[in-house]
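For the protein sequence lines, the chains are A and B, in the order given. No gaps in the numbering here: position 264 of the first sequence is 264 in the working numbering, and each next residue is one more. No gaps in the numbering here: position 146 of the second sequence is 146 in the working numbering, and each next residue is one more.
What the hints contain is simulated information worked out from the structure, not anything from laboratory work. Keep in mind that a hint or two might mislead.
Pairs of lysine to aspartate or glutamate, DMTMM-like flavour, derived with a Cα cap of 20 Å [unchecked claim]:
{"#": "1", "chain 1": "A", "residue 1": "K21", "chain 2": "A", "residue 2": "E205"}
{"#": "2", "chain 1": "A", "residue 1": "K203", "chain 2": "B", "residue 2": "E51"}
{"#": "3", "chain 1": "B", "residue 1": "K204", "chain 2": "B", "residue 2": "E29"}
{"#": "4", "chain 1": "B", "residue 1": "K211", "chain 2": "B", "residue 2": "D201"}
{"#": "5", "chain 1": "B", "residue 1": "K80", "chain 2": "B", "residue 2": "E26"}
{"#": "6", "chain 1": "A", "residue 1": "K301", "chain 2": "B", "residue 2": "E53"}
{"#": "7", "chain 1": "B", "residue 1": "K211", "chain 2": "B", "residue 2": "E5"}
{"#": "8", "chain 1": "A", "residue 1": "K11", "chain 2": "B", "residue 2": "D93"}
{"#": "9", "chain 1": "B", "residue 1": "K136", "chain 2": "B", "residue 2": "D93"}
{"#": "10", "chain 1": "B", "residue 1": "K220", "chain 2": "B", "residue 2": "E181"}
{"#": "11", "chain 1": "B", "residue 1": "K136", "chain 2": "A", "residue 2": "D216"}
{"#": "12", "chain 1": "A", "residue 1": "K203", "chain 2": "B", "residue 2": "D87"}
{"#": "13", "chain 1": "B", "residue 1": "K92", "chain 2": "A", "residue 2": "E204"}
{"#": "14", "chain 1": "B", "residue 1": "K80", "chain 2": "B", "residue 2": "E181"}
{"#": "15", "chain 1": "B", "residue 1": "K46", "chain 2": "A", "residue 2": "E205"}
{"#": "16", "chain 1": "B", "residue 1": "K92", "chain 2": "A", "residue 2": "E205"}
{"#": "17", "chain 1": "A", "residue 1": "K15", "chain 2": "B", "residue 2": "D93"}
{"#": "18", "chain 1": "B", "residue 1": "K24", "chain 2": "B", "residue 2": "E5"}
{"#": "19", "chain 1": "A", "residue 1": "K203", "chain 2": "B", "residue 2": "D93"}
{"#": "20", "chain 1": "B", "residue 1": "K80", "chain 2": "B", "residue 2": "E117"}
{"#": "21", "chain 1": "B", "residue 1": "K46", "chain 2": "A", "residue 2": "E204"}
{"#": "22", "chain 1": "B", "residue 1": "K80", "chain 2": "A", "residue 2": "D216"}
{"#": "23", "chain 1": "A", "residue 1": "K298", "chain 2": "B", "residue 2": "E51"}
{"#": "24", "chain 1": "B", "residue 1": "K46", "chain 2": "A", "residue 2": "D216"}
{"#": "25", "chain 1": "B", "residue 1": "K24", "chain 2": "B", "residue 2": "D157"}
{"#": "26", "chain 1": "A", "residue 1": "K21", "chain 2": "B", "residue 2": "D93"}
{"#": "27", "chain 1": "A", "residue 1": "K11", "chain 2": "A", "residue 2": "D216"}
{"#": "28", "chain 1": "A", "residue 1": "K11", "chain 2": "B", "residue 2": "E98"}
{"#": "29", "chain 1": "B", "residue 1": "K120", "chain 2": "B", "residue 2": "D87"}
{"#": "30", "chain 1": "B", "residue 1": "K171", "chain 2": "B", "residue 2": "D201"}
{"#": "31", "chain 1": "A", "residue 1": "K203", "chain 2": "B", "residue 2": "E181"}
{"#": "32", "chain 1": "A", "residue 1": "K301", "chain 2": "B", "residue 2": "E51"}
{"#": "33", "chain 1": "A", "residue 1": "K298", "chain 2": "B", "residue 2": "E53"}
{"#": "34", "chain 1": "B", "residue 1": "K136", "chain 2": "A", "residue 2": "E205"}
{"#": "35", "chain 1": "A", "residue 1": "K15", "chain 2": "B", "residue 2": "E98"}
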Amino acid sequence: MRASTVWYTLKQGIKNIYRNKMFSLASVATMAACIFMFCLFFAVVTNFRHMVDEAESGVTVTVFFDETLTAEQIQAIGTEINARPEVDYTEYVTADEAWAEYIEVYLGGNEELAEGFKDDNPLANASHYIIYLNAVEDQESLVSYLETVQGIRDINHSEPVAETLSGFNRLLSYISITIILVLLFVAVFLISNTVMIGIAVRKEEIAIMKLIGATDFFVRAPFIVEGILIGVIGSAIPLTGIYFLYTRVVTFITERFSILNNLLDFVPASELYQTLLPVGLALGIGIGFLGSFVTIRKHLKV
Amino acid sequence: MITMENVSKAYVEGIPALKNINLKVERGEFVFIVGDSGSGKSTLIKLLLKELEPTSGKIVVNGQNLGRLRRRQIPRYRRKLGVVFQDFRLLKDRNVYENIAFAQRVIMTPTRKIRREVPKMLSMIGLAEKYKSFPKELSGGEQQRVALARALVNRPDILLADEPTGNLDPKNSWDIMRLLEKINRTGTTILVVTHNREIVDEMKKRVITMKRGVIISDEKEGGYIYEG
Numbered sequence: 001m002r003a004s005t006v007w008y009t010l011k012q013g014i015k016n017i018y019r020n021k022m023f024s025l026a027s028v029a030t031m032a033a034c035i036f037m038f039c040l041f042f043a044v045v046t047n048f049r050h051m052v053d054e055a056e057s058g059v060t061v062t063v064f065f066d067e068t069l070t071a072e073q074i075q076a077i078g079t080e081i082n083a084r085p086e087v088d089y090t091e092y093v094t095a096d097e098a099w100a101e102y103i104e105v106y107l108g109g110n111e112e113l114a115e116g117f118k119d120d121n122p123l124a125n126a127s128h129y130i131i132y133l134n135a136v137e138d139q140e141s142l143v144s145y146l147e148t149v150q151g152i153r154d155i156n157h158s159e160p161v162a163e164t165l166s167g168f169n170r171l172l173s174y175i176s177i178t179i180i181l182v183l184l185f186v187a188v189f190l191i192s193n194t195v196m197i198g199i200a201v202r203k204e205e206i207a208i209m210k211l212i213g214a215t216d217f218f219v220r221a222p223f224i225v226e227g228i229l230i231g232v233i234g235s236a237i238p239l240t241g242i243y244f245l246y247t248r249v250v251t252f253i254t255e256r257f258s259i260l261n262n263l264l265d266f267v268p269a270s271e272l273y274q275t276l277l278p279v280g281l282a283l284g285i286g287i288g289f290l291g292s293f294v295t296i297r298k299h300l301k302v
Numbered sequence: 001m002i003t004m005e006n007v008s009k010a011y012v013e014g015i016p017a018l019k020n021i022n023l024k025v026e027r028g029e030f031v032f033i034v035g036d037s038g039s040g041k042s043t044l045i046k047l048l049l050k051e052l053e054p055t056s057g058k059i060v061v062n063g064q065n066l067g068r069l070r071r072r073q074i075p076r077y078r079r080k081l082g083v084v085f086q087d088f089r090l091l092k093d094r095n096v097y098e099n100i101a102f103a104q105r106v107i108m109t110p111t112r113k114i115r116r117e118v119p120k121m122l123s124m125i126g127l128a129e130k131y132k133s134f135p136k137e138l139s140g141g142e143q144q145r146v147a148l149a150r151a152l153v154n155r156p157d158i159l160l161a162d163e164p165t166g167n168l169d170p171k172n173s174w175d176i177m178r179l180l181e182k183i184n185r186t187g188t189t190i191l192v193v194t195h196n197r198e199i200v201d202e203m204k205k206r207v208i209t210m211k212r213g214v215i216i217s218d219e220k221e222g223g224y225i226y227e228g
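With the rest of the complex left out, here is chain B (with noise of 0.2 Å):
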C-alpha cells in the first residue's frame, strides 16, 4: 500500500529532516509512528500528503509513484487519502453538516448522495444530534471526531492521522483511538503519528520509531521505546 525506498528530505541543505527511510505498509495495516519533536514524523506525513518532495528516493502509495505526479493529478491522489491533523482544521464558519459535506462537495459528489452518506457518518462518530453546532460549540474530542468523519465519509484507501489525540483529555483520545480501531476493521490502512505512549503500549499495534530522522526500529506489535 505504502512504500517508501531511500526517502531523504532537507528542508536547509546540508540538514536532513528525514534519512533514507526504507518502509512498506500492506494493505488493511495499522502503524503507530513514534519518536521525539524534531524526529521526522509529521515530515514524513507531509510526504505522503504531497505536501511536501522528498529531497531525493521514491515514494508509491497504491501503485501511484508520486515523483511521477503531476500538479494536476495531486488533487484526485489526495482524494484517496483521508487526513485528521492535531488542531482538527475544521472550516470555523460552517457547522458540523457543512464541515463533513464539504469533503464529499470538494469530490462532485451529487448533493443527493451527500444527504444520504453525511448522516451515516454523523451516527458513526456519535454526534448525529449536533449537526447544527459549529466547531466553537464543540469539545476538543467532539472536532477531531468530526474531522474524522471528514476524513472518512469519501470511504479512503488510507488514513493519515497526525497527533489525533495532541490537543485532547485521556478520555477523548481513547474515544478517538476506538473509532481508528473500528474504521481500520472495515480494511482501511491507518497510519498514526502519536506522542501518547500509553494508547500506543497498550494498542499493540505496529509501532515504528523515528529519531533524528531516521527509523530507529520497527516493531509488529510494539510499545513505544522509552529513553533516558
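Just chain A, with the same shape it has in the complex (with noise of 0.2 Å):
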C-alpha cells in the first residue's frame, strides 16, 4: 500500500471524530465510564489481594522432631521437606535459638529469671522447622505429608486460618470474575450501540464508497482509525483519572487512620500501574477495534 494511502486513512480516521463531534463525545464518554468503573474495580481488587497475599504469607506450619533424632537427621528430614511442590522455603530455628528468641519475648526486661537456666537449655528438645507455603490452600496436603514422615514428633498448624483465607481467596475471584464479565459485557454493548449509531449516520457515505470502487479495507480502515483512537482517549481519561484518585485516597486513608497501618497494606500506585497501565490502553484499544470492525462489516455488502 502507498504511504499516501495510509496517510489519507489515518487522516480520514482524525477528521471523522471532528467531523462528528458529538458521536465521538458519546463514545469517549462511554468508554470511558467503563474503563473507569473498570480500573476502579480492578484497584479495589488488587489491593484485597494484595492484602490476602500479606495474611498468607504469615500462614505456616511448623513441625518439632523426635528426641532422639541427631542434628543431621533432622537437615535430612528438612531437605525432604524443601523439595515438596507446597513449600516456598523453610527456616531452621535450633533450639538455642529458640531459646533465645523465648527469653526475649516473655522474659523482656527480666532476663536475669533466665541465668538459672544458662547450661541447661529447657528447650533442648525444640528445634523445628518453620515451613512457608506456596499457597495457603496447600496446608492440608503438606500436613497430611508431614504425618507420614518417621521422626517428626510434632506439627503445628492452624486449620482455621488457612481455610478462611483460602475460601476469601476463591469467593475474590468468583467476584473479580463475574464483575469483570459484566462490566466487560456492558462495555461491549454500549460501545457497539454507539458505534451503530455513527455508522449508521454515514451509511450511506459508505455506500457512495463502495459502489465508486473502495475496498472494504478503504472504507473500513478510517473508520477502525476512529475507533482505536476513541478507545485511547477512552481508555487514558479513566486512567490518569484513577492514578490520582488512587495516590489521594491512599495517602488521605494512611495519614488519617494511621492506626489502620498495620491492617492495611496498599499496593503502590506505580505497582498497580505496572498491570492496569497496559490492560486499560489494550481494552479501551481493543473495544474501539472490534466495535467499529464488526459493526462496519454489515454495511459493507454493497
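With the hints in hand, could you dock these two chains into one complex?
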C-alpha cells in the first residue's frame, strides 16, 4: 500500500472524529465510564488480593522432631520438606535460637530469671522447622505428608486460618471474574450501540464509497483508526483520573487512619499501574477496534 | 461492451422486476433507457453495477462475466464504471475538490497525480472557482456536475447515469446532457436512465424503452414512446 494511502487513512480517521464531534464525544464518554469502573474495581481487587497475600505469607506450619534424632537426621528431613511442591521456603530454628527468642519475648526486661538455665536449655528438644507455603490451600496436603514422616514429633498449624483465607481467596476470584465479565459485557454493549448509531449516520457515505470502487479495507480503515483513537482517549482519561484518585485516597487513609496501617497495606500506584496501564489501554483499543470492525461489516455488503 | 443474455431479476419470488432481457451495447454508444416507474430501468443499472445479482441469465461487461466475479474483485470492476445518481450522492462533509479527489483516493492514485487531474475536471465542469464549496452551498445543477466529474475523473470505459436530470430544472438538465454528449465524443460508452421526454426526443440517440420488466422497443435514433 502507498504511504499516501496510509497517511490519508490516518487523516480521515482523525477527521471523522472531528466531523462527528457529538458522536465521538458520546463514544469517548461511554468508553471512559466503562473503563473507569473497570479500573476502580481492578484497584480494589488488587489491593484486597495484596492484603490476603500478606496475610497468607504469615501462615506457616511448624514441625518438631523426636528427641532421639541427631542434627544430621533433622537436616535430612528438612531437605526432604524443602523439596515438596507446596513449600516456598523453610527456616530452621535451633534449640538455642528457640530459647533466646523465648527469653526475648517472654522474659524481656527480666533476663536474670533465665540465668538459672544458662547451662541447661529447657527447650533442648525444641529445634524446629518453620515452613512457608506457596499457597495457603496447600497446607492440608503438606500436613498429611508430614504426618507420614518418621521422626516428626509434632506439627503445629492452624486449619481455620488457612480455610478462611483460602475460602476468601476463592470468593474474591469468583467475584472478580463475575464483575469483570459484567463490566466487559456492558462496555461492549454500550460501545457497539454508540458505534452503530455513528455508522448508521454514515451508511450512505459507505454505500457511495463502495459504488465508486472502494475496497472493504479502504472503507473500513478510517473507521478502525477512529475506533482505536476513541479507545485510546477513552481509556487514557480514566487511567489518568484513577491514578490521581488512587494516590490521593491511599495518602488520605494512611495519614488519617494511621492506626490501620498495620492492617491495610496498599499496593503502590506505580506497582498497580504496571498491570492496570497496559490492561486498560488494551481494553480501550480492543473495544474500539472490535466495535468499529464488527459494526461496519454489515454495511459493507453493497 | 455490454451484453445481457436472458437476464431476469425477481426481488420477490414469482414477481419479476426484469424478464428475459437481451441487450447489446457497443463501445462508444450513447443509449437512453426510458420507461415508467417500476419498468425495471434502475434494476438494470444496479445489475450492471453488481449491486444486485440476477435471478437468471448472463451479464458480460467489458469482457468480464459478472456472474463469475468474486466479491473481492467487485471494487476493481466498479472502477471501470462511472456512476451518476439522481440525488447526486456527494459526500456532504467534503468540499467539491475532495469529492472529486475521493474517487481517485479510492483507487490509491498518488497525491501528485490527484493534484494535477482534479483541477482539469473542475475546469471541464465549469466549477474551478467553487472548488472549496461544500455540496449544500451548490445548486442542484452544480452538484450534479460535481458528481459527473467524480464519475469521470478515473476515465471509466462506461458511464451509467440513473436519472441524472431528475432533480434539475430544464436549463441545468440540458447543461448536464451536453456535458454527457461531450464525454461520449471522447469514446466513453454512456447509458442514461431518464424520464425526460424532451431531452430524449431532441437528442436523437439510441432509445431502449422498458415496460414491466421487458424491453418493448429499441430504436437507433429513437424518441420517447408516448403511451396513453
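Here is how each hint holds up against the structure:
1. A threshold of 20 Å between alpha carbons decides the hint, and for K21(A) with E205(A) the separation of about 17 Å falls inside it, so the pair holds.
2. Using a Cα cut-off of 20 Å, the hinted pair K203(A) and E51(B) holds, with the two alpha carbons roughly 15 Å apart.
3. As the CA atoms of K204(B) and E29(B) are separated by approximately 12 Å, the hinted pair is consistent with the 20 Å bound.
4. Between K211(B) and D201(B), the direct Cα distance comes to roughly 18 Å. Compliance with the 20 Å bound is thereby established for this hinted pair.
5. Proposed proximity of K80(B) and E26(B) is supported: the alpha carbons are some 16 Å apart, at most 20 Å.
6. For a cut-off of 20 Å, the pair hint linking K301(A) to E53(B) stands: about 12 Å separates their Cα positions.
7. With a CA separation close to 18 Å, the supplied pair K211(B) and E5(B) stays within the 20 Å bound.
8. A hinted pair counts as satisfied when its Cα atoms are at most 20 Å apart, and K11(A) with D93(B) qualifies at roughly 14 Å.
9. Between K136(B) and D93(B), the direct Cα distance comes to roughly 9 Å. Compliance with the 20 Å bound is thereby established for this hinted pair.
10. Restraint check for K220(B) and E181(B): the C-alpha separation of about 16 Å stays at or below 20 Å, so the hint holds.
11. Between K136(B) and D216(A), the direct Cα distance comes to roughly 28 Å. Violation of the 20 Å bound is thereby established for this hinted pair.
12. Taking the CA atoms of K203(A) and D87(B), the gap is near 15 Å; set against the 20 Å cutoff, the hint holds.
13. Pair hint K92(B) plus E204(A) holds up; C-alpha atoms about 10 Å apart against a cutoff of 20 Å.
14. Between K80(B) and E181(B), the direct Cα distance comes to roughly 19 Å. Compliance with the 20 Å bound is thereby established for this hinted pair.
15. The suggested pairing of K46(B) with E205(A) holds, with an alpha-carbon distance near 18 Å, which does not exceed 20 Å.
16. Proposed proximity of K92(B) and E205(A) is supported: the alpha carbons are some 9 Å apart, at most 20 Å.
17. Restraint check: the Cα-Cα separation between K15(A) and D93(B) comes to about 10 Å, which is no more than 20 Å; the hinted pair holds.
18. A distance of roughly 9 Å separates the Cα atoms of K24(B) and E5(B); the hinted pair therefore holds under the 20 Å criterion.
19. Straight-line distance between C-alpha atoms of K203(A) and D93(B) comes to about 14 Å, which keeps the hinted pair within the 20 Å bound.
20. For the hint linking K80(B) to E117(B), the alpha-carbon distance of about 17 Å falls within 20 Å, and the restraint holds.
21. Taking the CA atoms of K46(B) and E204(A), the gap is near 16 Å; set against the 20 Å cutoff, the hint holds.
22. Simply put, K80(B) and D216(A) have alpha-carbon atoms about 17 Å apart, close enough for the 20 Å limit, and the pair holds.
23. This hinted pair checks out: K298(A) and E51(B) have alpha carbons roughly 15 Å apart, not beyond 20 Å.
24. With a CA separation close to 19 Å, the supplied pair K46(B) and D216(A) stays within the 20 Å bound.
25. Of the pairs offered as hints, the one joining K24(B) and D157(B) holds, with about 15 Å between alpha carbons and a cut-off of 20 Å not exceeded.
26. Annotation: proposed proximity of K21(A) to D93(B) holds, straight-line Cα distance about 13 Å (limit 20 Å).
27. Taking the CA atoms of K11(A) and D216(A), the gap is about 18 Å. The hint holds against a cut of 20 Å.
28. A hinted pair counts as satisfied when its Cα atoms are at most 20 Å apart, and K11(A) with E98(B) qualifies at roughly 13 Å.
29. For the proposed pair K120(B) and D87(B), the alpha carbon gap of about 24 Å is over 20 Å, so the pair is violated.
30. Between K171(B) and D201(B) the alpha-carbon distance is near 16 Å, which keeps this suggested pair within the 20 Å criterion.
31. At most 20 Å may separate the alpha-carbon atoms for a hinted pair to count; K203(A) and E181(B) exceed this at roughly 33 Å.
32. About 9 Å separates the Cα atoms of K301(A) and E51(B), which keeps this hinted pair within 20 Å; it holds.
33. At roughly 18 Å between alpha-carbon atoms, K298(A) and E53(B) fall within 20 Å of each other, so this suggested pair holds.
34. At roughly 15 Å between alpha-carbon atoms, K136(B) and E205(A) fall within 20 Å of each other, so this suggested pair holds.
35. This hinted pair checks out: K15(A) and E98(B) have alpha carbons roughly 13 Å apart, not beyond 20 Å.
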